[in-house]
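Here the protein sequences line up with chains W and Z, keeping their order.
Here UniProt numbering is used: position 42 in the first sequence is 42, and no number is missing along the way.
Here UniProt numbering is used: position 137 in the second sequence is 137, and no number is missing along the way.
Take these hints with a grain of salt, some might be off.
Because identical chains share one entry, a pair is satisfied inside a single copy or across any pair of copies.
Below are the BS3-like pairs computed for lysine-lysine, each with C-alpha atoms no more than 30 Å apart in a straight line [to be verified]:
(1) K152 - K269
(2) K193 - K354
(3) K271 - K311
(4) K193 - K241
(5) K7 - K346
(6) K193 - K152
Derived by calculation from the structure, the hints in this document are not laboratory data.
Protein chains: 2
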Amino acid sequence: MAEQRTKCLIIGAGPVGSLAALYAADRGWDVQVYELRGDLRLPSTTPLNFTRSINLALSERGISAMRNCGDADLLQQVLDDTIPMYGRMIHDINTYGELIEYAQQYDIHGRFIRAVDRARLNKLLLDSVEKTPHVQLNFNHKLQRVDFKTRKATLCPTTPSPAGVGPPALEVNFDILLGCDGAYSRVRSQMMKFTEINFSQAYIDMHWCEFTIPPSTIKTPTSNDGFATSPNYLHIWPSEKNLFIAIPSVDRSFTCTLFASRETFTYLKRKPERILNFFESNFPGAAALIGENELQDQFERNPHLPLLSIKCAPHHHPAGVILGDAAHAMVPFYGQGMNAGLEDVKVLFSYFDKHPDTEEGRGRALGEYSQYRVPDAHAINDLALANYWEMHAGVKSPVYRVRKWVEEFLAERVPSSGFETQYARVSFRVERYSVVRRVVERQGRIMLWGLVGLVPVVVVGFWLGIRGWGRMGWGRMGWVR
Amino acid sequence: MAEQRTKCLIIGAGPVGSLAALYAADRGWDVQVYELRGDLRLPSTTPLNFTRSINLALSERGISAMRNCGDADLLQQVLDDTIPMYGRMIHDINTYGELIEYAQQYDIHGRFIRAVDRARLNKLLLDSVEKTPHVQLNFNHKLQRVDFKTRKATLCPTTPSPAGVGPPALEVNFDILLGCDGAYSRVRSQMMKFTEINFSQAYIDMHWCEFTIPPSTIKTPTSNDGFATSPNYLHIWPSEKNLFIAIPSVDRSFTCTLFASRETFTYLKRKPERILNFFESNFPGAAALIGENELQDQFERNPHLPLLSIKCAPHHHPAGVILGDAAHAMVPFYGQGMNAGLEDVKVLFSYFDKHPDTEEGRGRALGEYSQYRVPDAHAINDLALANYWEMHAGVKSPVYRVRKWVEEFLAERVPSSGFETQYARVSFRVERYSVVRRVVERQGRIMLWGLVGLVPVVVVGFWLGIRGWGRMGWGRMGWVR
Chain W
1 MAEQRTKCLI IGAGPVGSLA ALYAADRGWD VQVYELRGDL RLPSTTPLNF TRSINLALSE
61 RGISAMRNCG DADLLQQVLD DTIPMYGRMI HDINTYGELI EYAQQYDIHG RFIRAVDRAR
121 LNKLLLDSVE KTPHVQLNFN HKLQRVDFKT RKATLCPTTP SPAGVGPPAL EVNFDILLGC
181 DGAYSRVRSQ MMKFTEINFS QAYIDMHWCE FTIPPSTIKT PTSNDGFATS PNYLHIWPSE
241 KNLFIAIPSV DRSFTCTLFA SRETFTYLKR KPERILNFFE SNFPGAAALI GENELQDQFE
301 RNPHLPLLSI KCAPHHHPAG VILGDAAHAM VPFYGQGMNA GLEDVKVLFS YFDKHPDTEE
361 GRGRALGEYS QYRVPDAHAI NDLALANYWE MHAGVKSPVY RVRKWVEEFL AERVPSSGFE
421 TQYARVSFRV ERYSVVRRVV ERQGRIMLWG LVGLVPVVVV GFWLGIRGWG RMGWGRMGWV
481 R
Chain Z
1 MAEQRTKCLI IGAGPVGSLA ALYAADRGWD VQVYELRGDL RLPSTTPLNF TRSINLALSE
61 RGISAMRNCG DADLLQQVLD DTIPMYGRMI HDINTYGELI EYAQQYDIHG RFIRAVDRAR
121 LNKLLLDSVE KTPHVQLNFN HKLQRVDFKT RKATLCPTTP SPAGVGPPAL EVNFDILLGC
181 DGAYSRVRSQ MMKFTEINFS QAYIDMHWCE FTIPPSTIKT PTSNDGFATS PNYLHIWPSE
241 KNLFIAIPSV DRSFTCTLFA SRETFTYLKR KPERILNFFE SNFPGAAALI GENELQDQFE
301 RNPHLPLLSI KCAPHHHPAG VILGDAAHAM VPFYGQGMNA GLEDVKVLFS YFDKHPDTEE
361 GRGRALGEYS QYRVPDAHAI NDLALANYWE MHAGVKSPVY RVRKWVEEFL AERVPSSGFE
421 TQYARVSFRV ERYSVVRRVV ERQGRIMLWG LVGLVPVVVV GFWLGIRGWG RMGWGRMGWV
481 R
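If we strip away everything but chain W, and leave its shape as in the complex, we get:
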């Protein structure tokens, strides 16, 4: 009775689309996945689009989403392929001009995030999808249009047919469509023709470019097991207007990203030999790790890409929904982009579980999911933007460090206070993003009022002190008057 299975069409076979396929198959749906690019597991597939993908941070939300996907072995395979990062390693120079580095732990309880290679994660997910029954994976297909009324998608193979003529388009019927096709989602733009969607996209005034720190060839007792610097940290070179970060890879290299304004990129591109001097004055020590000759090469060879922030509401039509970057592309400064996308899948399927698997039931599930998830998507989008400040300037600011210390002190010594840093709430828990934002704003107010509350205490204390002091000397002379 294969005809009676719910036909689920998934556009995009990245991490989010692949995970969605696992969840959908686990529900007993008949799943068709179409991906624009080739199968990245084949050596012939140009990895072009995946060199553009920085190493990602996998945290609790992403892990929790993969835990219940129907493939019991998947999560362990994924975790085995990651490197724990226990905190940030800040690179700076001291007042004598010497290179220094100091760690900021992410969590007083020792919890950590994991560096993961997007391509390796994607391969593991695709392998799992491939061995799952009732799922068909199709690569090299471009979505042309979707008719959400008749529930038909038109796709075109991107590989030219042998005759040399344009390949024939393909019509796919679906009961439900999951759009996991990234920031420039075609599912989204098609959906916007069928339903009223508020939408905004903003390019941040900042471009990025990837660099690589190769494994170390030095083997000394103090060497970092073949890594050029300590592997269990997310390395940060903050500077006033720019940012350079490095994330460890399993092959003992670091995948690094330069973030700088468009103007700076234009300035550097005009004379790429400026890059070394720029690095020396902004990110002390980084150029030496990359290799001074490599630096300019990589800057010229690797693409210079914009940062896009996308919000939309709702995320759904009664016949389909957009997930991941398609619904909420965000800047990478919280390391939550992929985690939020994977969590979308988990949350979405929890709504399918609440309703009967009929057209009406699925439509209601999509509506409820969208209403629940939109505020969370907006919240993490805003938090990610705000975190840029923390990463490039905040980590060195005394106010930030005092706040972090107070929060950690309360979290450790007064657990009943419920105080926890925003970072811990976002990265080590699965609390709703919108709740995290609200709670952390409340914590901030409490800390502010705590400080304000200290004022009378200090004043009263000071007055009592004066009295006491008065009784013992100078004051007494006045007092007995």
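Dock chain Z against chain W, hints included.
For chain Z alone, coordinates are given in the frame of chain W:
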């Protein structure tokens, strides 16, 4: 030497696209206009899309843009086909439950806006375009894609070819592309693939539906020359949550628009016989003008449409630019949508005049235009949204009326003050929208501080009064104490 003319491709033959064609031809460019719909001057063309167009308000900006378009007769023909509106006519009921109406003049100097039928205006513009040399008008062509790098547009005829097969696509080369293709602009979505454009679209929680008040059959000395109510006003039925307006047409009817929340529309659609009661309790007197039987018919027959507000920045790519609704669709509450679009054309060509007619010169003109115009587009967009409050609630609010009175008093009696109402600045002048917003905000602050400044005057006056009064009686008793 026709080959050496600059090739200008215009997408969209609405009022903005047609006016742009006149300006471009006047510059000596070779102009190709492609319009998705049929020629609306042909009786065979379904006017469907134009019943959806409410009567528009033509004001100084639109007029000024048509004044210098190269066709000296056009403006007078357009103006002859309009009806002056000197102010708002507010319809309400008094405390005895009787229908009342009272006028609010737009301007103390008697300046007025003009009611114009969008289709009639468009026809006049198309006639003018057609008789202009070096312009070719093409209807029934859908833009498929634009390659802004190679400056090639692909268009498809929408009329099926006689053989019944899909009609062949058409490639058009251009030096410069003007996208005048409305709120759902394809030029814009194509441009967004080639350049970084910040973009937002928001659906306002309000739908609209068109109604018609037929000409009056009653001919009495007090009748309005065949109009069902006074023709020289924009009629407003304000209500707490909804709005109904009527704009006169040359054929002595009124084109009316109901604005109400989606929820209200859903409520009414469920049982359309509710509409009469809804009108009676929200818009007293309006149902009688439309005809009580017609009311329900028209509500069911005419489309229920959303309101879309669009902002983007920049408006250009070095090879093209978007104008009118494509760049800044706005809610209709300021009657400035079309005026802003026509003004775009005038402003754009003033920038072309400043630069040589070369690829580089035009590219710089587009860049400067976009930088100049974006803040104005954002400003009128915001003002239009804010004006909804004025139209549905403000017109009856005492604060609004006091402010209007003070501004008008100052404008009339103290012209050197430069005070003028926001409405007059937007509708009767061509001052930049962004400047209007700034100036009016300043005026508001001055009036507020004026009021605050009155406080010491009143206090001192009161004190002097008490003193004076005191000297003459009760006070003296205290005073001599």
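Could you tell me which of the hints above the structure violates, numbers in ascending order?
Hint 3 alone not satisfied by this model.
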